[in-house]
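Protein chains: 2
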Amino acid sequence: MRWVRFEDKDGASFGIVEGDDVVAVSGTPFGVYEKTGRKIPLSGATLLPPVMPPTIYCAGHNYRDHIVKSAKRKGIEAVIPDEPEFGYRAVNALIGHEADVVVPKDSARPIHYEPELVAVIGKKAKRVTKAEAKSCVFGYTIGNDISERAWQKSDRTNWRAKNMDTFKPMGPWIETEVDLDKTRTLVRVNGETVMDFQTYDVLFDVETCIASLTRYVTLYPGDVLWMGSEGEAINMKPGDVNEIEITGIGVLRNTFTWES
Amino acid sequence: MRWVRFEDKDGASFGIVEGDDVVAVSGTPFGVYEKTGRKIPLSGATLLPPVMPPTIYCAGHNYRDHIVKSAKRKGIEAVIPDEPEFGYRAVNALIGHEADVVVPKDSARPIHYEPELVAVIGKKAKRVTKAEAKSCVFGYTIGNDISERAWQKSDRTNWRAKNMDTFKPMGPWIETEVDLDKTRTLVRVNGETVMDFQTYDVLFDVETCIASLTRYVTLYPGDVLWMGSEGEAINMKPGDVNEIEITGIGVLRNTFTWES
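For the record, the sequence lines run as chains A and B.
For the first sequence, this note's numbering assigns the number 559 to the initial residue and increments by one for each residue that follows.
For the second sequence, this note's numbering assigns the number 559 to the initial residue and increments by one for each residue that follows.
These are calculated hints, taken from the structure and not from any lab test.
The beta-carbon is built from N, C-alpha and C at its ideal position, and this holds for glycine as well.
Honestly, I wouldn't trust all of these hints.
Claimed, not checked - Listed below are the simulated SDA-like cross-link pairs for lysine to any residue, each with C-alpha atoms no more than 25 Å apart in a straight line:
| hint | chain 1 | residue 1 | chain 2 | residue 2 |
| --- | --- | --- | --- | --- |
| 1 | B | Lys663 | A | Lys663 |
| 2 | B | Lys692 | B | Leu761 |
| 3 | A | Lys795 | B | Lys682 |
| 4 | A | Lys632 | B | Lys684 |
| 5 | A | Lys632 | B | Tyr758 |
| 6 | B | Lys593 | B | Arg560 |
| 7 | B | Lys663 | A | Thr776 |
| 8 | B | Lys567 | A | Phe588 |
| 9 | B | Lys684 | A | Lys682 |
| 10 | B | Lys630 | B | Gln710 |
| 11 | B | Lys711 | A | Asp798 |
| 12 | A | Lys630 | B | Leu761 |
| 13 | A | Lys567 | B | Ile574 |
| 14 | B | Lys711 | A | Ala689 |
| 15 | A | Lys688 | B | Thr776 |
| 16 | A | Lys567 | B | Pro779 |
| 17 | B | Lys630 | B | Pro779 |
| 18 | A | Lys711 | B | Lys630 |
| 19 | A | Lys688 | B | Asp723 |
| 20 | B | Lys684 | A | Glu643 |
| 21 | A | Lys632 | B | Glu641 |
| 22 | A | Lys682 | B | Leu761 |
| 23 | A | Lys711 | B | Asp578 |
| 24 | A | Lys692 | B | Asp723 |
| 25 | A | Lys663 | B | Thr594 |
| 26 | B | Lys663 | A | Phe814 |
| 27 | B | Lys681 | A | Lys632 |
| 28 | B | Lys663 | B | Lys692 |
| 29 | B | Lys682 | A | Trp816 |
| 30 | A | Lys632 | B | Thr776 |
| 31 | A | Lys688 | B | Asp798 |
| 32 | A | Lys567 | B | Tyr778 |
| 33 | B | Lys688 | A | Met610 |
| 34 | B | Lys632 | B | Lys684 |
| 35 | B | Lys684 | A | Phe588 |
Stated by the list, open to error - Derived, one-sided and incomplete: chain A residues facing chain B with beta-carbon distance under 8 Å:
| hint | residue |
| --- | --- |
| 36 | Ser705 |
| 37 | Arg707 |
| 38 | Thr741 |
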């Protein structure tokens, strides 16, 4: 099942993709919901981030090659972690499929994409075991952890580097049926493939992350867990169209623009 | 005006403090609301965090003495910043006035309180000037940025050190009329005063923080801006009762317990 959030003249609503259409629902996918009579063509729908999460968790340092390459960029030694660690992203930065990324004009650049698998939490969870962890996952979507590398280096936190408005595209929808072991992540810039890797070749899988997290924190319905990024991006330029495809989920497409 | 969120058999609700009572309202303080006929004694109300924020911003390194003392603790040189920088805290960690802090049993300690003034944002704001910034503030509450210093040192992020469940007491209410230049912050442990400082002796005031933030991010109604902590705490023990008073706002009281 594919869940979207979309916006039209009647406001924002959750919806279910049925063929070429979106059927609007009342309520939320995490609780009680009901299909309404309202149906619009998917191609004409303005898609929003498929959920506005209470908390955005991200498993940093979860792909070997990304750790090695980002350590090299920073001029430090690469350390492969023994346990997952989690950072946060801020909801102001979320945008949906096809919305524009807007880079502030005082950015010193470079600007990089980071393609990520995103697990969407479906139920309240504290102290769950690895065996129970998957039952807390509602489905999966795609995230782009866009990063301004100059501010990532100069600032003490990532508030500007990773959390500026429009810097967190997420979507296009939540897919509830995904075989993670079969998915590949493909990144395209202006139609050219610039990354192609096995999505789930992670150091810490979803079960491990959820078990680790819920030892200390309660997860809530709608929370999202971004699973980290592989490799290293090319520098983005104004007008570049960035597509992240995770096979079995969909394609998240956003255009990079510069603030005028 | 004093705004609370409280919980009783009818669920969670916003309310307005009137004398010794809380009058329940429908709606939210940030939009349309209406007093209901329901009134309960304030002394009998279970107070929740006065708002569940979309985003919790914190101006780190905002008091000179705290910067000097925490640098000394970490064995690094103190750097007084030229501009504010912002971190994040997570909503799972919020608890209200009188709720217990629960320290995980594998904590290596020490556990410290950090008393903070909290500005509650009342309206959507992007690119506001310092002159306009105060008009975005709905009111003020009190936060306790409880910190586990061992994990703050060992972990790459503050996900365990500062964002574990129950580690962010906030309350008791939002006070809309505060003369910040007259307030003092008093911290008590088991009734004994252990800190007493001028609340607004900050490096970066609320106007400066909001102008800086909104250059890059949009603030939304209900977002909160924690203004940083002064000094250094004493180590907390099981059963310790921690009170943070900001004169003109109120007293936030929480008891520290250890997970059994």
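Handout entry: Interface restraint verdict for A/Thr741 against chain B (beta-carbon cut-off 8 Å)
Key = violated (26 Å)
Handout entry: B/Lys663 paired with B/Lys692 [C-alpha distance capped at 25 Å]
Key = violated (42 Å)
Practice task
Report holds or violated for the interface hint on A/Ser705, using the least CB-CB distance to chain B and a cut-off of 8 Å.
Solution key: Because about 14 Å separates A/Ser705 from the closest Cβ in chain B, which is outside the 8 Å limit, the hint is violated.
Problem - 25 Å Cα cutoff - pair A/Lys632, B/Thr776 - result: Cα-Cα ~30 Å, so violated.
Handout entry: Satisfaction of hint between A/Lys682 and B/Lys684, Cα-Cα up to 25 Å
Key = Not OK: B/Lys684 and A/Lys682 at ~33 Å, beyond 25 Å, violated.
Handout entry: A/Lys711 paired with B/Lys630 [C-alpha distance capped at 25 Å]
Key = Satisfied, since the Cα-Cα distance of roughly 24 Å is no more than 25 Å.
Problem - Given pair status - B/Asp723, A/Lys692, alpha carbons within 25 Å - result: Holds - the C-alpha atoms of B/Asp723 and A/Lys692 are around 21 Å apart, at most 25 Å.
Handout entry: Pairwise hint evaluation, A/Trp816 against B/Lys682, where the allowed Cα distance is 25 Å at most
Key = holds (23 Å)
Practice task
For the pair supplied as a hint, B/Lys663 and A/Thr776, confirm whether the alpha-carbon distance does not exceed 25 Å.
Solution key: holds (16 Å)
Handout entry: Evaluation of the interface hint that places A/Arg707 against chain B, nearest CB under 8 Å
Key = Hint violated; A/Arg707 Cβ to chain B Cβ min 16 Å, cut 8 Å.
Practice task
Assess, step by step, whether the Cα of A/Lys632 is no farther than 25 Å from the Cα of B/Lys684, and give holds or violated.
Solution key: violated (32 Å)
Exercise for the section: Starting from B/Lys663, check that the Cα of A/Phe814 is at most 25 Å away, please. Expected result: violated (47 Å)
When each numbered hint is compared with the structure, violations occur for hints 1, 3, 4, 5, 9, 11, 12, 13, 14, 15, 17, 20, 22, 23, 25, 26, 27, 28, 30, 31, 33, 34, 35, 36, 37 and 38.
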